[in-house]
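Colleague: Residue numbers (the working numbering), protein chains in the order written: chain A, 2 to 171; chain B, 29 to 131.
Hints in this document: simulated from the structure, not taken from any laboratory.
One thing to keep in mind: the hints can contain errors.
30 Å max Cα-Cα, derived DSSO-like pairs, lysine-lysine [what the hints assert, rightly or not]:
#, chain 1, residue 1, chain 2, residue 2
1, A, LYS96, A, LYS115
2, B, LYS88, A, LYS96
3, A, LYS167, B, LYS119
4, A, LYS167, B, LYS88
5, B, LYS130, B, LYS119
6, B, LYS130, A, LYS167
7, B, LYS88, A, LYS115
8, B, LYS130, A, LYS134
The structure presented is a predicted model; accordingly, all values stated were derived computationally and were not measured.
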Amino acid sequence: MLGYTITQWLFGVLSFLSIMFGLMVVFSRNPVSSVLYLILTFFCIAGHYLLMNAQFLAIVHIVVYAGAIMVLFLFVIMLMNLNEDQEPQRTWLTKIIAAVAGGLMLVVLVGSLKGSEQLQLQHYGSSQVGLVKNLGMVLFRDFLFPFEIASVLLLAAMVGAIMIGKRDIK
Amino acid sequence: MINGISINMYMVLSAILFIIGAVGVMARRNSIIIFMCIELMLNAVNLLLVSFSTLHNDPKGQVFVFFIMAVAAAEVAVGLAILSMVYRNVKSIDTNLMSNLKN
Chain A
2 MLGYTITQWL FGVLSFLSIM FGLMVVFSRN PVSSVLYLIL TFFCIAGHYL LMNAQFLAIV
62 HIVVYAGAIM VLFLFVIMLM NLNEDQEPQR TWLTKIIAAV AGGLMLVVLV GSLKGSEQLQ
122 LQHYGSSQVG LVKNLGMVLF RDFLFPFEIA SVLLLAAMVG AIMIGKRDIK
Chain B
29 MINGISINMY MVLSAILFII GAVGVMARRN SIIIFMCIEL MLNAVNLLLV SFSTLHNDPK
89 GQVFVFFIMA VAAAEVAVGL AILSMVYRNV KSIDTNLMSN LKN
């Protein structure tokens with residue numbers, strides 16, 4: 002199709018969709034629709050992971066982000082009962098300054114990438130490193146200690162969230 | 029015709045997603061939206077790490093992404109608890125009202 006392979010088409014469509022949904026996260030006025038667009042963005046990024054054959058990360062990404070983090074966001078937003086009319090807005094001047102600053106940052110980043118070498122992803126779609134078996138070997142052999150520390154971190158975060166969220170601590 | 033996809037495409041895509049998150053942090057006043065934009069920036073970085081790990085055929089990058097996800101989950105849990113506490117006291121999550129430390 003027009004000289005592009007199916008992988009390149011998939012890459013283009015997924016990139017377009019993730020950028021569009023990312024923009025909608027920033028521009029939609031209703032926080033709930035912002036959350037839903039962010040979930041769609043995460044699904045597009047999971048699609049990118051699948052394109053790179055990082056199957057484990059794609060599944061973990063969907064489970065952790067779409068399944069846990071965004072549900073937490075939705076709960077908090079619905080608990081606070083936020084809607085469009087009480088949405089605080091910045092002045093237009095601040096918005097324009099933010100857009101200009103972001104655009105300049107993008108120009109600098111893309112400009113610095115322009116001179117770099119065009120490296121092809123060799124094992125695209127057939128890379129074996131993202132499979133559960135290989136990743137598990139690395140995770141539980143080389144990174145066992147950080148893995149255990151991460152469990153302690155999650156425990157501490159859980160206790161901390163409960164302590165902060167309690168109504169009155171005696 | 030190029031058969032694969034070059035790493036530069038992924039770099040540009042990650043840069044665009046990161047900038048969208050950064051602009052969102054600068055342009056919005058709702059703390060929850062700012063939080064979500066930070067998540068978007070983290071995800072842009074994750075995407076770049078995974079693409080470089082595919083480029084070098086090295087699983088360590090993907091292990092790092094796994095740890096970033098764990099840290100992001102912890103961060104969101106604590107951050108949202110703080111935000112709901114702030115909402116309980118201030119009755120708003122407008123960032124302009126959270127200026128108690130200024131004086």
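Colleague: If a hint holds in the structure, say so; if it does not, say that too.
Modeller: Quick rundown of the hints versus the structure:
1. This hinted pair checks out: LYS96(A) and LYS115(A) have alpha carbons roughly 28 Å apart, not beyond 30 Å.
2. Among the hinted pairs, LYS88(B) with LYS96(A) is inconsistent with the structure: their alpha-carbon atoms are about 39 Å apart, more than 30 Å.
3. Our distance criterion of 30 Å between C-alpha atoms is met by LYS167(A) and LYS119(B), whose separation comes to about 17 Å.
4. For the given pair, LYS167(A) sits about 39 Å from LYS88(B) by alpha-carbon distance, which is inconsistent with the 30 Å threshold.
5. Annotation: proposed proximity of LYS130(B) to LYS119(B) holds, straight-line Cα distance about 19 Å (limit 30 Å).
6. A hinted pair counts as satisfied when its Cα atoms are at most 30 Å apart, and LYS130(B) with LYS167(A) qualifies at roughly 26 Å.
7. At most 30 Å may separate the alpha-carbon atoms for a hinted pair to count; LYS88(B) and LYS115(A) meet this at roughly 26 Å.
8. Of the pairs offered as hints, the one joining LYS130(B) and LYS134(A) is violated, with about 52 Å between alpha carbons and a cut-off of 30 Å exceeded.
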